[in-house]
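Engineer: Residue numbers (my numbering), protein chains in the order written: chain A, 12 to 315; chain B, 747 to 1041.
Because the hints were derived from the structure by calculation, they are not lab data. Using N, Cα and C, we set each Cβ at its ideal position, and we do this for glycine too. It cannot be assumed that every hint is accurate.
Claimed, not checked - A few chain B residues facing chain A, derived, Cβ under 10 angstroms:
#1 PHE803
#2 VAL838
#3 ALA856
#4 THR931
#5 LEU1014
#6 TYR1016
Said to hold, decoys possible - Short, incomplete list of chain A residues facing chain B, as computed with Cβ under 8 angstroms:
#7 LEU30
#8 LEU50
#9 ARG93
#10 THR94
#11 LEU97
#12 ALA121
#13 ASP124
#14 ILE142
#15 GLY161
#16 LEU246
#17 VAL273
#18 TYR274
#19 ASN297
Unchecked claim - What the simulated footprint calls covered on chain B by chain A, stretch by stretch (three residues with Cβ under 8 angstroms from a Cβ of chain A suffice, anywhere in the stretch; the number is not a length):
#20 826-832
#21 857-871
#22 891-899
#23 905-912
#24 966-978
#25 983-990
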Amino acid sequence: MTGRRSETGASPAPDAAGLGRLRATGFLVPSLVLILFFLVVPAAWTIYLGVTNYRLTGLAAANPEIVGLDNYTRALGDERFRTSLLLTLQFVLGSAVIGQAGLGFAIAYALRDRRGPLRRVVEGFVLLSWILPSSVVAFLWIALLDRDGGTLNTLLGIPGTAWLLDHPMLSIIVFNTWRGTAFSMMLYAAALENVPRSHLETARLAGASTWQQLRDVVFPRIRGHVLTNLLLISLWTFNDFAPFLITAGGPEQRSEILPVYVYKVALSGGELGFGAAISFVMLLINLVIALVYLRMLGRRKEKV
Amino acid sequence: MSTATSTAPAPRRDAPAAEASGIAVRHVLARIGRYVFLCAVLGFFALPLLWLATAPFDDTPTITASLPQFTLDNFRALLDNPYALSSLLNSVYLAAGTAALVVTFAALAAYALSRVRVPGRDALLYGLLLLSSIVTGTATMVPLFELAFRLNLIDSRLGVILILSGGLLPAAIFILKDFMDGTPTSYEESARVFGASPLQIVRHIVVPLVRPGLATVGVWAVANVWGNFLVPFLLLRGPEKAPAAVIMYTLYTEGGQADLRLLSTFSLLYSLPVALMFVFVSSRYGFRFHGGIKR
Chain A
12 MTGRRSETGA SPAPDAAGLG RLRATGFLVP SLVLILFFLV VPAAWTIYLG
62 VTNYRLTGLA AANPEIVGLD NYTRALGDER FRTSLLLTLQ FVLGSAVIGQ
112 AGLGFAIAYA LRDRRGPLRR VVEGFVLLSW ILPSSVVAFL WIALLDRDGG
162 TLNTLLGIPG TAWLLDHPML SIIVFNTWRG TAFSMMLYAA ALENVPRSHL
212 ETARLAGAST WQQLRDVVFP RIRGHVLTNL LLISLWTFND FAPFLITAGG
262 PEQRSEILPV YVYKVALSGG ELGFGAAISF VMLLINLVIA LVYLRMLGRR
312 KEKV
Chain B
747 MSTATSTAPA PRRDAPAAEA SGIAVRHVLA RIGRYVFLCA VLGFFALPLL
797 WLATAPFDDT PTITASLPQF TLDNFRALLD NPYALSSLLN SVYLAAGTAA
847 LVVTFAALAA YALSRVRVPG RDALLYGLLL LSSIVTGTAT MVPLFELAFR
897 LNLIDSRLGV ILILSGGLLP AAIFILKDFM DGTPTSYEES ARVFGASPLQ
947 IVRHIVVPLV RPGLATVGVW AVANVWGNFL VPFLLLRGPE KAPAAVIMYT
997 LYTEGGQADL RLLSTFSLLY SLPVALMFVF VSSRYGFRFH GGIKR
């Protein structure tokens, strides 16, 4: 659903209803005001707050001072920040690039020429895990991984394994793979429809292995989809707050990805200035991913 | 592709029968492998959901998913908790408010952008797209909190609605502009010939024409707000105004032993609307991409 992106090409016909420029501008104003206030201003404000020592309470709350790049140098020297950055990288690579994209493609490929109940049931469950509210699925996973009575330990016959305490990163990576595979699955399902069945059939009859078929027939035709998919899910996973609902960054900050880190430092800890500096770093990373994505969209549109 | 076809004829000439049976065996193995894989996938995705299906109806719900001793008594726990049902109402309020705002504002903007040559339109659309993908609630929670504080929107449901709308609007404008670009202008032209004013045309001609698009955006906005945890969690103080997403979280994090009767029935009730919406949308329109994303 998020996938529909319009082309910014020519309109079908200019102003059929006789709206006129003035009224057209009037139509735009309500949206633009909201966007200005709640997207542009926060982004700009992040930059300002990031160079202050602003705090939620205390002296610096009343009179914040400009401290220049202190917050940034402090972040760079901060062990906790660097660890958090590294954990975030693990989280994005593990759950988005490998987990969601890999599993999503595998499911789409396994289902490619199937119609009927099996396909509907598999797709239904994958989509269900995507659409349920995050605080509900977070608790479902806490229940699943519970040390003593969890369904997983009961099934495996290993009661007492504390997944969330002993393997917090693995837990949230598997959780996020479960949570987000639906998007990749649907995208690759649409992409695989562009691969002519006859080509696959020919390759198969010629004795090409599955891997050879994927490499020589499938992949060259869906390369664009793969890139789109990887960039979008990386962006979303990077900004995902749901792990907070499961591990809250713990134990001992061992699953403290950047969103959780910012929340803890800025809003629980009250260091708004320092938190804003970290937020700005996050915005920059988002910007890089989004620019690469848009660049690619533009280039492909030129080719079409 | 080319390598595969060129190597094919050679072995076939040597031992056609062996080759054919080899392919057949491999084919069967591949089929079995595929079934095993799909069953594993099904298990992986269904396993966490089991508890949600069994615990609400279990006489003595535990943390383990198991065949329930069927009862509906657990749902009484919802009535006993002061915030359970009211939080669902809060969620409805936030979702409906945001959806109404997003659909109305985005429709107006999308129509203007689709039909009138506003100067700098393409740059504007490009900028909006970029902005909405970068400025996420997670990355800007600090300034959003600050902003809400300054605008006196802390602990205000209106504040949550405005902030969520701001985040959803760019994508909504995009989706709707796509729809509007795809609708013919001839109706608008003939209505104009008959002397209808521009606003009449928009209300009586354009809105009915793009109703499917409006519905899509509405459903999409509701689904987004219904599950959103972070923004209400940051901005709303106290449980009276909190939506179900936040109450759900407090139910399992606060105050000692979690009440599994309440948690399970509440989870189910809270999940039901989005699940139903999903069933409705997928049965009516089909829930998949039609290759549209590749551009």
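Engineer: Does each hint fit the structure? Answer for all of them.
Structural biologist: Evaluation of the provided hints:
About 15 angstroms separates the beta-carbon of PHE803(B) from the nearest beta-carbon of chain A, more than 10 angstroms, and the hint is not met. At a threshold of 10 angstroms, the smallest CB-CB gap from VAL838(B) to chain A is about 13 angstroms, leaving the interface hint violated. Hint status for ALA856(B): holds, given a least beta-carbon distance of 9 angstroms to chain A, under 10 angstroms. The interface hint given for THR931(B) holds, since its Cβ lies 4 angstroms from the closest Cβ of chain A, which is under the 10 angstroms cut-off.
Proximity of LEU1014(B) to chain A holds as hinted, the smallest CB-CB distance being about 9 angstroms (cut-off 10 angstroms). With its C-beta approaching chain A no nearer than about 6 angstroms, TYR1016(B) sits inside the 10 angstroms limit, and its interface hint holds. A cut of 8 angstroms between beta carbons decides the hint on LEU30(A): the least distance to chain B is about 5 angstroms, and the hint holds. A cut of 8 angstroms between beta carbons decides the hint on LEU50(A): the least distance to chain B is about 5 angstroms, and the hint holds.
The interface hint given for ARG93(A) is violated, since its Cβ lies 19 angstroms from the closest Cβ of chain B, which is over the 8 angstroms cut-off. The beta carbon of THR94(A) is not positioned within 8 angstroms of any beta carbon in chain B (closest approach about 19 angstroms), and the interface hint is therefore violated. Annotation: LEU97(A) was flagged as interfacial toward chain B, and the flag is violated, the nearest CB pair being 18 angstroms apart, outside 8 angstroms. The criterion of a C-beta within 8 angstroms of any C-beta in chain B is met by ALA121(A), whose closest approach is roughly 5 angstroms, and the hint holds.
Contact between ASP124(A) and chain B, as hinted, is not supported at the beta carbon level, the nearest pair being about 10 angstroms apart and thus beyond 8 angstroms. Because the closest C-beta pair between ILE142(A) and chain B is about 5 angstroms apart, less than 8 angstroms, the hint holds. Taking 8 angstroms as the C-beta cut-off, the interface hint given for GLY161(A) holds, the closest approach to chain B being about 6 angstroms. At its closest, the beta carbon of LEU246(A) sits 6 angstroms from a beta carbon of chain B; the interface hint therefore holds under the 8 angstroms criterion.
Using the Cβ-Cβ criterion of 8 angstroms, the hint placing VAL273(A) at the interface with chain B is satisfied: the shortest such distance is roughly 6 angstroms. Contact between TYR274(A) and chain B, as hinted, is supported at the beta carbon level, the nearest pair being about 6 angstroms apart and thus within 8 angstroms. Among the interface hints, the one on ASN297(A) holds; its C-beta lies about 4 angstroms from the nearest C-beta in chain B, closer than the 8 angstroms criterion. Three residues within the 8 angstroms Cβ limit are the bar, and the region 826-832 of chain B against chain A gives 0, so the coverage statement is violated.
Requiring three or more residues with a Cβ within less than 8 angstroms of a Cβ of chain A, the coverage given for the region 857-871 of chain B holds, as 11 such residues are present. Note: the region 891-899 of chain B has 3 residues with beta-carbon separation from chain A under 8 angstroms; the three-residue rule is met and the coverage holds. With 4 residues carrying a beta carbon less than 8 angstroms from a beta carbon of chain A, the region 905-912 of chain B meets the three-residue requirement, and the given coverage holds. Note: the region 966-978 of chain B has 6 residues with beta-carbon separation from chain A under 8 angstroms; the three-residue rule is met and the coverage holds.
With 1 residues carrying a beta carbon less than 8 angstroms from a beta carbon of chain A, the region 983-990 of chain B misses the three-residue requirement, and the given coverage is violated.
In the structure shown, a violation is registered for the earlier hints numbered 1, 2, 9, 10, 11, 13, 20 and 25, in ascending order.
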